[in-house]
Structure formats: structure tokens, C-alpha cells
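Visitor: Sequence:
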Amino acid sequence: MATPCGHTFCGNCVANFDLNGVKTCQMCREPVLSYCRNLFADQMMANMKGKCDGCSTMIAIELAEDHVRQCTDILEECLCQQKITRKDRLAHMQVCPKEEVTCECGFKTKREEETGHKKNDCRFGQVDCPLMCGAMVTRYLVPSHTLVCTKVVQQCPIDGCGKYLRKEDIGRHYIDEQERHQRLLIRERSRILWGAERSQLQVQPIRSSQKCVFKWNLPPDLQGKVVSPVFEKFERKWRLMYCDGKIELHYQQGLEQIAIVARQVSSCYIV
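Counting with the UniProt record's numbering, you get residues 1 to 271 for the letters of the sequence shown.
Treat the hints as calculated values from the structure; they're not laboratory data. C-beta atoms are modelled at their ideal positions from N, C-alpha and C, and glycine is treated no differently. Among the hints, a few may not be true.
[To be verified] Between beta-carbon pairs, the in silico distance windows are: (1) 116 x 68: 36 to 44 Å; (2) 21 x 74: 47 to 55 Å; (3) 6 x 82: 42 to 50 Å; (4) 49 x 12: 18 to 26 Å; (5) 139 x 66: 47 to 55 Å.
Could you put together the complete structure from these sequences and hints?
Guide: Rendered as C-alpha cells:
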């Protein structure tokens with residue numbers, strides 16, 4: 001590039017002048033308003049050739065810029081500070097520690113940090129069971145693993161036992177506490193049956209001093225034991241029983257004890 005005063009500068013120098021706001025010729029300090037092409041210098045440069053730093057090809061200076069943009073043997077510096085040729089860049093990206101990679105969990109990170117991510121954060125990473133049962137568990141499945149882990153502490157399922165022990169020890173606990181568990185189960189069964197009986201019957205207390213007359217006709221020469229059909233009185237079920245000349249009244253519903261005062265008058269039974 002030439003100045004109005006006749007001095008010639010290369011394109012890089014002119015670019016630096018503009019960048020730094022230099023408006024004077026650096027040779028004679030004359031003011032410079034614009035630059036123009038130096039045809040004489042262009043003709044001299046057109047006949048010159050240079051060697052490419054990458055492929056070592058001799059090329060004309062005027063073609064050098066295009067060649068440098070396309071030459072695959074040109075060295076470039078990667079983010080990892082390693083210098084590689086353009087033709088090897090794709091292969092280098094597969095191993096470059098600074099290249100961004102996507103983990104199987106969807107998280108983006110640099111390749112050099114991928115191992116640490118999988119070890120500490122990746123939800124699909126394999127980790128040791130936190131309770132040290134020896135199993136390798138996928139990180140996001142750790143909560144589910146506790147449902148089957150043999151090291152999980154749980155309460156004995158036998159109601160009333162109350163002992164806490166590891167799941168792997170449950171079998172031995174059942175054997176060691178077999179007799180005690182049987183007693184607890186029998187007690188629990190009785191409690192359940194009693195509760196069901198009370199719930200089903202819903203027997204309400206009856207006021208004292210209530211009276212009722214039962215009439216049961218029996219033949220005078222009756223021998224042995226005879227039982228009457230079930231009948232209802234006082235919201236309860238009853239049955240009469242004749243045995244050896246005596247008549248007894250039996251309460252047929254529920255487990256509660258009923259206080260009964262009864263007397264027989266002729267063929268009637270008064271309660």
C-alpha cells in the first residue's frame with residue numbers, strides 16, 4: 001500500500017496504523033488521509049513465490065492467502081495447547097481432553113472431567129451400596145436397592161416382638177425366637193377374633209331387673225337330654241336345655257358373661 005507522499009507499507013502495517021489511529025506517514029510524518037495500491041510493488045510481488053509452512057509447496061505470493069485457508073497440512077493449536085495439522089483435527093477431537101462430550105445422562109462436560117463426573121455425579125454411574133452389602137448399584141437406583149438390600153435394618157414383622165435387625169438376619173431370628181413368636185401370634189389371633197366378635201355382634205348392655213317368661217312344653221315322661229331351638233330375647237340369642245329333670249338356660253351369642261336369676265314355675269321358666 002502506498003501513501004500520497006510515495007512511501008510503501010505492507011498490508012499488516014497499514015492495518016496496525018488504522019487500529020492505533022495513526023494518520024501520518026511513519027517515514028516522513030506527512031499527513032495521510034488514505035492509502036492506494038502500489039502497482040510497481042504489486043508487479044514485483046506477482047513474480048515471487050514462497051514455500052508453504054505446512055505442505056512445503058512453492059506457490060505464488062498472490063495465491064498464498066487462499067492456499068493457507070485450504071491447506072490441510074497447516075499446523076493449528078488446539079485448546080489443549082497441542083499443535084496438530086488440519087487433516088488430523090477430526091481424529092484428535094476423539095481424544096482431546098478439552099473437547100466437550102455428552103455423558104449418557106445428558107450432562108455436557110470436558111473429556112478430561114468425564115471420569116470425575118461419572119464417579120461422583122452421573123445418575124447412571126455404578127456405585128457401591130452405601131450400606132456395604134457388596135453390591136454395585138446404579139446411582140439413581142440406590143433408593144430402590146434399599147428395598148432388597150440385606151444390610152437394611154428393619155423391625156421384626158411379628159406384632160409384639162419389637163426387635164430391630166438386618167434383613168439378612170431375619171431367618172436366624174425366626175428360628176431363635178420361634179416359641180416366643182408362636183405365643184405372640186396366638187395372642188394376636190385371639191385379639192383379632194375378639195375384636196371381630198365384638199364388632200360383629202355389637203351387643204348392648206341390658207338394664208338389670210328385666211324379666212321374661214319362656215314357655216316350653218315337654219312330655220311328662222321325657223328322659224335324657226333335650227335342647228330347644230334358639231330364640232331371641234333382650235336382643236340376644238338363647239337356648240333351653242332339659243337334662244335329668246332340670247331345665248337350664250344357655251346364652252348362645254357372644255363371649256360376655258351374663259348374670260341370670262331364674263326360677264321354674266310349673267312348665268314355665270322365668271328370668
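Visitor: All hints, please: hold or fail.
Guide: Hints and how they fare:
{"no.": "1", "hint": "116 x 68: 36 to 44 Å", "verdict": "39 Å, holds"}
{"no.": "2", "hint": "21 x 74: 47 to 55 Å", "verdict": "33 Å, violated"}
{"no.": "3", "hint": "6 x 82: 42 to 50 Å", "verdict": "47 Å, holds"}
{"no.": "4", "hint": "49 x 12: 18 to 26 Å", "verdict": "20 Å, holds"}
{"no.": "5", "hint": "139 x 66: 47 to 55 Å", "verdict": "53 Å, holds"}
Checked against the numbered hints given earlier, this structure breaks only hint 2.
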